[in-house]
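**Q** These are the residues of each chain, in order.
2 protein chains.
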Amino acid sequence: MSKSRRQKEILSLVQSDQISSQLELSRRLRARGTNVTQATLSRDLRELNLVKTAQGYKLAELLNRSNGSHHHLRQVLSQLMTEVAAASNLVVVKTFPGNAPSVALSLDNLGWKDIVGTVAGDDTILVVTRDITQARAVKKRLMELRSP
Amino acid sequence: MSKSRRQKEILSLVQSDQISSQLELSRRLRARGTNVTQATLSRDLRELNLVKTAQGYKLAELLNRSNGSHHHLRQVLSQLMTEVAAASNLVVVKTFPGNAPSVALSLDNLGWKDIVGTVAGDDTILVVTRDITQARAVKKRLMELRSP
DNA sequence: CGCCGTCTCGCATATTTATACGCTGGAGTG
DNA sequence: CACTCCAGCGTATAAATATGCGAGACGGCG
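Chains A and B supply the protein sequences, listed in that same order. Residue numbering for the first sequence follows our numbering, beginning at 28 and increasing consecutively. Residue numbering for the second sequence follows our numbering, beginning at 28 and increasing consecutively.
Hints are supplied without guarantee of correctness; some may be wrong.
Because identical chains share one entry, a pair is satisfied inside a single copy or across any pair of copies.
Unchecked claim - Taking lysine-lysine pairs in the DSSO-like style, the calculated list, with each CA pair at most 30 Å apart, reads:
(1) Lys121 <-> Lys166
(2) Lys121 <-> Lys35
(3) Lys167 <-> Lys79
(4) Lys121 <-> Lys140
(5) Lys30 <-> Lys79
(6) Lys167 <-> Lys121
(7) Lys30 <-> Lys167
(8) Lys79 <-> Lys35
(9) Lys140 <-> Lys166
(10) Lys35 <-> Lys167
(11) Lys30 <-> Lys121
(12) Lys140 <-> Lys30
(13) Lys35 <-> Lys166
(14) Lys140 <-> Lys167
(15) Lys79 <-> Lys166
Everything labelled a hint here was simulated from the structure, so no lab data went into it.
Take these sequences, add in the hints, and give me the full structure.
**A** What follows is the structure, given as structure tokens:
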């Protein structure tokens, strides 16, 4: 069985089931008639850009969609935000240097309907809402997020 | 030093430098005055949702952006696409069952300017282009991608 | 105060992953 | 054909990661 065929099987296995070790993957493949050692799988996984997560191996390209568990977003947010202020219909979020882009992405992913969009610099994010009231509401919720 | 302070340091370290093992992370933290064992880091990394990639530990939420190396996208595409056909201004891409969403995402990420957008079902993707000519061109390039 | 219950963490170790090395088979070349 | 290369892989093992267990810290609560 060719390398490419094997890698296809790996991708489809990994996407249908939760595989959490290379040994397990090796067993599953054997059950399907493909016989490889863990060493080869280690190499395959790197080539396919699969990463190990708490929920098994995942395609790195897909991690955002499949897995946007809010818990982690909040975890990240609470760790990286340093200040939150409202100004007119904007909320200004300060972060540790360099982390604004990550935090902004997390904010986007929260899916809050009163967040119209975000713009991130290096350590500052502008969160755009529709009006002053929404800006205050967002600020409030972000503050609560910081110290649960 | 509190757990939360330590986790903040981990996030910022991991985002500024390339850290590829927990031992290395432990050393870097020690240099900054934070002293922890590998075991604790293993737990921290899971809580922070950091995954190990060939380029070091990365925030799972960010993997798309930081790391969209086209090589891997193409690898994924070539593995999962089974058929490509053009129809009017659309390109119809067939994939292995269940893989259409992944492939569609990869197609989006290619950044081809003649791809207006994609819609994915379970094993079929509609790729929308502006006209017949673009559809043919996209089809051609996708076919080449499949067998290099 | 004394007695839980809960967190957090280190230690030791089990488990998992990566890799150095060497073999093999097929492609390309003269 | 004979020869060289090299991708691909297994074996053995090194390296890295996860975890069972218990200790200490801290906050209620009677």
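**Q** Determine for every hint whether it applies to the structure shown.
**A** Consistency of the hints with the structure:
no. : hint              : verdict
1   : Lys121 <-> Lys166 : within (12 Å within a copy, 45 Å between copies)
2   : Lys121 <-> Lys35  : between (44 Å within a copy, 14 Å between copies)
3   : Lys167 <-> Lys79  : neither (35 Å within a copy, 34 Å between copies)
4   : Lys121 <-> Lys140 : within (21 Å within a copy, 35 Å between copies)
5   : Lys30 <-> Lys79   : both (21 Å within a copy, 24 Å between copies)
6   : Lys167 <-> Lys121 : within (15 Å within a copy, 47 Å between copies)
7   : Lys30 <-> Lys167  : between (54 Å within a copy, 25 Å between copies)
8   : Lys79 <-> Lys35   : both (18 Å within a copy, 22 Å between copies)
9   : Lys140 <-> Lys166 : within (14 Å within a copy, 38 Å between copies)
10  : Lys35 <-> Lys167  : between (48 Å within a copy, 22 Å between copies)
11  : Lys30 <-> Lys121  : between (48 Å within a copy, 21 Å between copies)
12  : Lys140 <-> Lys30  : neither (46 Å within a copy, 32 Å between copies)
13  : Lys35 <-> Lys166  : between (46 Å within a copy, 21 Å between copies)
14  : Lys140 <-> Lys167 : within (15 Å within a copy, 40 Å between copies)
15  : Lys79 <-> Lys166  : neither (35 Å within a copy, 33 Å between copies)
In this structure, the earlier hints numbered 3, 12, 15 are contradicted, and the remaining ones agree with it.
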